[in-house]
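Below are the chains, spelled out letter by letter.
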Amino acid sequence: MRNFDRPDSHTLTAYRNAGGYRAWTKAQTMEPAAIVDEVKKSNLRGLGGAGFPTGMKWSFIPKTHTGPVYLVVNADEGEPGTFKDRYLLERDPHALLEGMLITARAIRSALGFVYIRGEYVQPWRRFSAAVKEAYDAGLLGQGFDVVVHRGAGAYICGEETGLLSSLEGKKGWPKIKPPFPAIKGAFGQPTIVNNVETLCCVPPIVERGAAWFAGLGTKTQGGTRMYSVSGRVKSPGVYEAPVSITLRQLIERAGGVSGTGRLKAVVPGGGSAAILTADEIDVTMDVDGLKNAGTMVGSAGVIVMDESVSIPEALFVLARFYAHESCGQCTPCRESTGWIEKMVHRIVEGHGHKDDLDTILDVAKRGGGTTICAFYDGAIGPYISYIEKFRSEFETLCRG
Amino acid sequence: MTAPVSFSAEQLAEVRRLQALYPDKRGALLPVLHMAQDTFGYISLEAEAYVAGLFEVSPAHIHEVVTFYTLYFQQPKGRHVVAVCHNLSCHLAGAQDILRHLETRLGIRRGETSEDGRVTLQAVECLCACEAAPMAQVNDRYELNLTPEKCDRILEALR
Numbered sequence: 001m002r003n004f005d006r007p008d009s010h011t012l013t014a015y016r017n018a019g020g021y022r023a024w025t026k027a028q029t030m031e032p033a034a035i036v037d038e039v040k041k042s043n044l045r046g047l048g049g050a051g052f053p054t055g056m057k058w059s060f061i062p063k064t065h066t067g068p069v070y071l072v073v074n075a076d077e078g079e080p081g082t083f084k085d086r087y088l089l090e091r092d093p094h095a096l097l098e099g100m101l102i103t104a105r106a107i108r109s110a111l112g113f114v115y116i117r118g119e120y121v122q123p124w125r126r127f128s129a130a131v132k133e134a135y136d137a138g139l140l141g142q143g144f145d146v147v148v149h150r151g152a153g154a155y156i157c158g159e160e161t162g163l164l165s166s167l168e169g170k171k172g173w174p175k176i177k178p179p180f181p182a183i184k185g186a187f188g189q190p191t192i193v194n195n196v197e198t199l200c201c202v203p204p205i206v207e208r209g210a211a212w213f214a215g216l217g218t219k220t221q222g223g224t225r226m227y228s229v230s231g232r233v234k235s236p237g238v239y240e241a242p243v244s245i246t247l248r249q250l251i252e253r254a255g256g257v258s259g260t261g262r263l264k265a266v267v268p269g270g271g272s273a274a275i276l277t278a279d280e281i282d283v284t285m286d287v288d289g290l291k292n293a294g295t296m297v298g299s300a301g302v303i304v305m306d307e308s309v310s311i312p313e314a315l316f317v318l319a320r321f322y323a324h325e326s327c328g329q330c331t332p333c334r335e336s337t338g339w340i341e342k343m344v345h346r347i348v349e350g351h352g353h354k355d356d357l358d359t360i361l362d363v364a365k366r367g368g369g370t371t372i373c374a375f376y377d378g379a380i381g382p383y384i385s386y387i388e389k390f391r392s393e394f395e396t397l398c399r400g
Numbered sequence: 001m002t003a004p005v006s007f008s009a010e011q012l013a014e015v016r017r018l019q020a021l022y023p024d025k026r027g028a029l030l031p032v033l034h035m036a037q038d039t040f041g042y043i044s045l046e047a048e049a050y051v052a053g054l055f056e057v058s059p060a061h062i063h064e065v066v067t068f069y070t071l072y073f074q075q076p077k078g079r080h081v082v083a084v085c086h087n088l089s090c091h092l093a094g095a096q097d098i099l100r101h102l103e104t105r106l107g108i109r110r111g112e113t114s115e116d117g118r119v120t121l122q123a124v125e126c127l128c129a130c131e132a133a134p135m136a137q138v139n140d141r142y143e144l145n146l147t148p149e150k151c152d153r154i155l156e157a158l159r
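Protein chains in written order, with this note's numbering: chain V, 1 to 400; chain U, 1 to 159.
Same shape as in the complex, but just chain V:
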């Protein structure tokens, strides 16, 4: 975000003036293994949702493989409450390209794909213009090429194997792992899939060193990250902060709670994260801090709800979302998301029964880990946490 406030921040000139592409110059003097090692030591963890250690992911590319290796950028941002990658694509596209160049060297890739969600037309135009600038300047096309690919509207394509299916020209059905993409990914070749923001962290790590980056964060996660803060706060927006910031501090940075001014609940990491109550916000916003609090940092999309918000209605909105976006491949997900949407709808319409709450909890608790991808596990987090933490509010709406 070093460049964000400049109106021309998306241009190569502005990026270079701010020190851009110096890390790439340095990386070209480094052995690929040394780059991987540096990123491992930085404790950079994937910022798209899963939080997997980035350097470790890169090291899974088989050393003996002699064919092509692909770098795929996940710019299919879609997690409810998240908008940081849109800012990066529009305002700092060269940071992504520099991160891609360095990563491609580290994993010995000659071809990268950037999968941008279909709705992001302006970000796609901005990023495509930056790619052209990079070709014209000889940064691309000298051993590494970039293809910009537009999606067509499907949340599941943010799941990395669903994204690869989509990139291959199919419907975005996730694939069973193993084999992991690093072994057999896009078009059957070893592939690294990284989120936009994750790759944007790579140039500063190479330029300023792993120790510096690691020192910004916690013991198990280095760096700062971009928190998307929305909902009932006075100043919604993207906030960059060390991952050791607490949720309370983050809400304060976003101007504090709006509406009634009294906090009721917070979604800490995108729609799929379990909800936290007002007295659970003294947690650090790193991967492990929120995991220990029984939820997840996910894509770091923070949605704030004040006292006036109906939690059952909020759950209905999410239940409708999961029913709509389930790709339909696995039975537990396809069926449960559809039925739970109907049940939560019945409750918010005043026709539900208290037994329905137990049915939803029962179905949700038995469904974890039964599907090919993490989509349904992500839906279960809200189903269970909203009902268990705000049960009386649901019961008030029930007929008996």
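Please note that the accuracy of each hint is not assured.
[As the list claims (entries may be wrong)] Listed next, with one range per pair, are the computed distances between beta-carbon atoms: (1) V:Gly209 <-> U:Ala157: 49 to 57 Å; (2) U:Ser8 <-> V:Tyr135: 25 to 33 Å; (3) V:Phe4 <-> U:Glu149: 25 to 33 Å.
[Unchecked claim] To spell it out: a stretch of chain V is covered by chain U in this simulated footprint if at least three of its residues, at any positions, have a beta carbon under 8 Å from a beta carbon of chain U; those stretches are: (4) 73 to 83; (5) 298 to 309.
[Unchecked claim] Simulated crosslink set (EDC-like; lysine to aspartate or glutamate; CA at most 16 Å straight-line): (6) V:Lys342 <-> V:Asp356; (7) V:Lys389 <-> V:Glu307; (8) V:Lys170 <-> U:Glu64; (9) U:Lys77 <-> U:Glu115; (10) U:Lys25 <-> V:Glu168; (11) V:Lys132 <-> V:Asp145; (12) V:Lys389 <-> V:Glu280; (13) V:Lys170 <-> U:Asp24; (14) V:Lys184 <-> U:Asp24; (15) V:Lys342 <-> V:Asp358; (16) U:Lys77 <-> U:Asp140; (17) V:Lys63 <-> V:Asp37; (18) V:Lys63 <-> V:Glu31; (19) V:Lys170 <-> U:Glu56; (20) U:Lys150 <-> U:Asp97.
Since the hints were derived computationally from the structure, they do not count as laboratory data. Please read these numbers as outputs of a predicted model, since none were measured by experiment. Think of the CB as a built atom: it goes at the ideal place given N, C-alpha and C, for glycine as much as any other residue.
With chain V fixed as given, assemble chain U onto it according to the hints.
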């Protein structure tokens, strides 16, 4: 469907260029379907069969792809598409009021197209502009921080 479904020579060259970007030409299917929709207005069964020929795959494969993604229309759409986000952050900011306002103004319900063929109104999932909720995508553009008055101005400009 009376008009013949086919690309111009320039478009066919573009199809070949796109196909060559991918290790397997099928990778270009989504971009080519975007082209098809931009050219034909929507993706009819005839268009699916035509695209299937360009990729040497079964029309059934194209059909399952077209039906999987929300941005491909299988029916004629309005000249403009107004897609209002109704996910959580927009919900908290009054997305339902915005949708109801647009339904009243256009005389249609979400999912429908106005009788004059001007506007298709949709309720869609998170468009990831939650900092400016409620919001909508109007054709290619994101329209942010919507109010009923702003919606009226936007509709006014859609001819």
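Here is what the structure says about each hint:
no.	hint	result
1	V:Gly209 <-> U:Ala157: 49 to 57 Å	holds, 51 Å
2	U:Ser8 <-> V:Tyr135: 25 to 33 Å	holds, 26 Å
3	V:Phe4 <-> U:Glu149: 25 to 33 Å	holds, 30 Å
4	73 to 83	holds (count 7)
5	298 to 309	holds (count 4)
6	V:Lys342 <-> V:Asp356	holds, 11 Å
7	V:Lys389 <-> V:Glu307	holds, 14 Å
8	V:Lys170 <-> U:Glu64	holds, 8 Å
9	U:Lys77 <-> U:Glu115	holds, 11 Å
10	U:Lys25 <-> V:Glu168	holds, 9 Å
11	V:Lys132 <-> V:Asp145	holds, 11 Å
12	V:Lys389 <-> V:Glu280	holds, 11 Å
13	V:Lys170 <-> U:Asp24	holds, 12 Å
14	V:Lys184 <-> U:Asp24	holds, 15 Å
15	V:Lys342 <-> V:Asp358	holds, 15 Å
16	U:Lys77 <-> U:Asp140	holds, 15 Å
17	V:Lys63 <-> V:Asp37	holds, 15 Å
18	V:Lys63 <-> V:Glu31	holds, 14 Å
19	V:Lys170 <-> U:Glu56	holds, 14 Å
20	U:Lys150 <-> U:Asp97	holds, 13 Å
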